[in-house]
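Trainee: Chain residues, written in single-letter form:
Protein chains: 2
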Amino acid sequence: MTGHNSRFLKACRGEEVDCTPVWFMRQAGRYMEEYRKLRQDHTLLEICANPELAQEVTLQPMRRFDLDAAIIFADILLPLKSMGVDFDFTKGEGPKIRQPIRSPQDVAQLHVGDPEEDLRSVFEAIGLVSSSLDSEKALIGFAGAPFTVASYMIEGSYSRNFLHTKLMMYTHPAAWQKLMGTIVEVTVRYLSAQIEAGAQVIQLFDSWVGCLDPEDYRQYVLPYSKEIFDRLQTFSVPLIHFGTGTATFLDLMNQAGPTVMGVDWKTSMSKVSDGFEGDVPIQGNLDPLALLAPRDCLEKKVDRVLEDAKGCPSHIFNLGHGILPQTPVENVEAVVTWVHDRTRR
Amino acid sequence: MTGHNSRFLKACRGEEVDCTPVWFMRQAGRYMEEYRKLRQDHTLLEICANPELAQEVTLQPMRRFDLDAAIIFADILLPLKSMGVDFDFTKGEGPKIRQPIRSPQDVAQLHVGDPEEDLRSVFEAIGLVSSSLDSEKALIGFAGAPFTVASYMIEGSYSRNFLHTKLMMYTHPAAWQKLMGTIVEVTVRYLSAQIEAGAQVIQLFDSWVGCLDPEDYRQYVLPYSKEIFDRLQTFSVPLIHFGTGTATFLDLMNQAGPTVMGVDWKTSMSKVSDGFEGDVPIQGNLDPLALLAPRDCLEKKVDRVLEDAKGCPSHIFNLGHGILPQTPVENVEAVVTWVHDRTRR
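Note that the protein sequences, when read in sequence, are chains B and E. For the first sequence, counting from 1, position 42 maps to 42 in our numbering; every step adds exactly one. Count along the second sequence starting at 1, add 1000, and that's the number in our numbering.
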């Protein structure tokens, strides 16, 4: 059973820790042989739908590395099920929405289903992981932030310029509002149920919001992300807000009300931290590509992150985005050890 | 014949102007019917290789809109010819390098050819445009910055994470240095010949450098971009430095030594300008997507850019990246008129 005084949770709360906690976005994934082997027999969605398999994949990196937190294995598109939007994963190309949401008529057909029932396998997987995880480790639940989920629903797949998403915002503001409101509703219920099932921390991923200018973020996104954080306050679990390419509006992302701000590798964590009112713990921010670099180069980059973090009130070590499939496991192992050893008080 | 006291050149030099000059990156392109018609009979590379066609395409937007500058029609990959690297454009997918540069051995085979001869069609096109352009208008020459050109050569096409490029930097620093040095040499000769042919302003496009963290920019990119700007100083023409996603190292990009800094739409121009030593004219920064928005939304966004620009010592209106093929020409026309009218002194 997971405990409430793990190193990770303490760092999220800004309390003193014996050393800096570390986890990696996408720490369960294709760079691990164990995962690739399991994927030979099961699709990504099959794993998500099967609590035992999801538990197994969630725990694979925990067995191999001395990570301080597990993150439940799931996909940010799963809640689309509860809005009546069908999707799949195509080999090598990532997610594909079968009928992208492109018009107010499309938005009108969305509904808030029964997330507690539709997404039951995720909550069951959380329950299984929670009861098997060491008490020194934390369990993270997560969801995509409303903008990122909306942009997937609208674009239908990865986009370089988010043309359809921005056009929906600019051309059909009422439909945008309804779409974002629907996503908020489903997401709050999805995350609440994750917490009730045993998630001790929540991370909201706004992976694609960096395509916006700060004013668009303020107008079209902030109110919705803020509503999610506001409504989750009742649970008193740490909430992490993460985006990439958002250097020019991190202050607005922080205004949404998370406990911890996650930042990408292009940002100085100490400068970011200086810009916030109050003491906001910072999570980040090694370039995922650095894990593929020669050992001496990687080491220098890790040390630079740790040095930068000294200017933050509290630090959780992570990458600035998800781990890449080409990453050597030995490098992941080395980084975990370095971070713990070099920050030991 | 182009004059040396056009509104555009004055703004680049920080001199007083009657109203804010305006041009658009990719202002000659697929959003224009005239261009699409010409493309039915000629490939992009055919146009680049034919000075009369390149002149025609360069002038198409000048006839249609009251733009303050023409930019010579060319592609940032053209100088690859002078390094022995073969490439083409595939329909819908953009540029493809036939044999990407992936190893020190690949780099060793590069050479500095004879840019003045290999790229003669570009200089001839500049000569033609220069002699036919109204004296109130300026003529811009350009090249890709070393990082962006190197990343195309290494990745072979558009990349999301620039894996091979960063691995070359981290794993083979000597090969990286040689590659960047080769690109610098060709680029300086390419741009010098453009200026000698009649280009009055030069823009260096570092479109993909936003994938780096500031420290990597400082170490692996800045010295090479700086060398280009340093060596072009001899011509006394304004030099514009442009990148996207570079909000956290605009100060370093400015240290490379341009006359004008171009910024993307995620950045506040007045804040950027405040951060620079001395008075650096700023170019930017409407989101290209805004040109597809309903008129009232577009108008608001243009006004916001103009308001923000009041904090800059001198302003050149532009987009924050290239114009999109889906852009309605009426909106382009409206923006040019608004910018001129609303900034008239």
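To be clear, the hints were calculated from the coordinates, so they are not data collected in a lab. Treat the hints with caution; some may be incorrect.
Straight-line alpha carbon distances no greater than 20 Å define the calculated SDA-like cross-link-like pairs of lysine to any residue that follow [said to hold, decoys possible]:
#1 271(B) / 1300(E)
#2 1271(E) / 274(B)
#3 10(B) / 306(B)
#4 1300(E) / 218(B)
Small disclaimer: the values here were computed from a predicted structure and weren't measured.
Trainee: So which hints don't hold here, by number, going up?
Mentor: Number 1 - this is the single hint that the structure violates.
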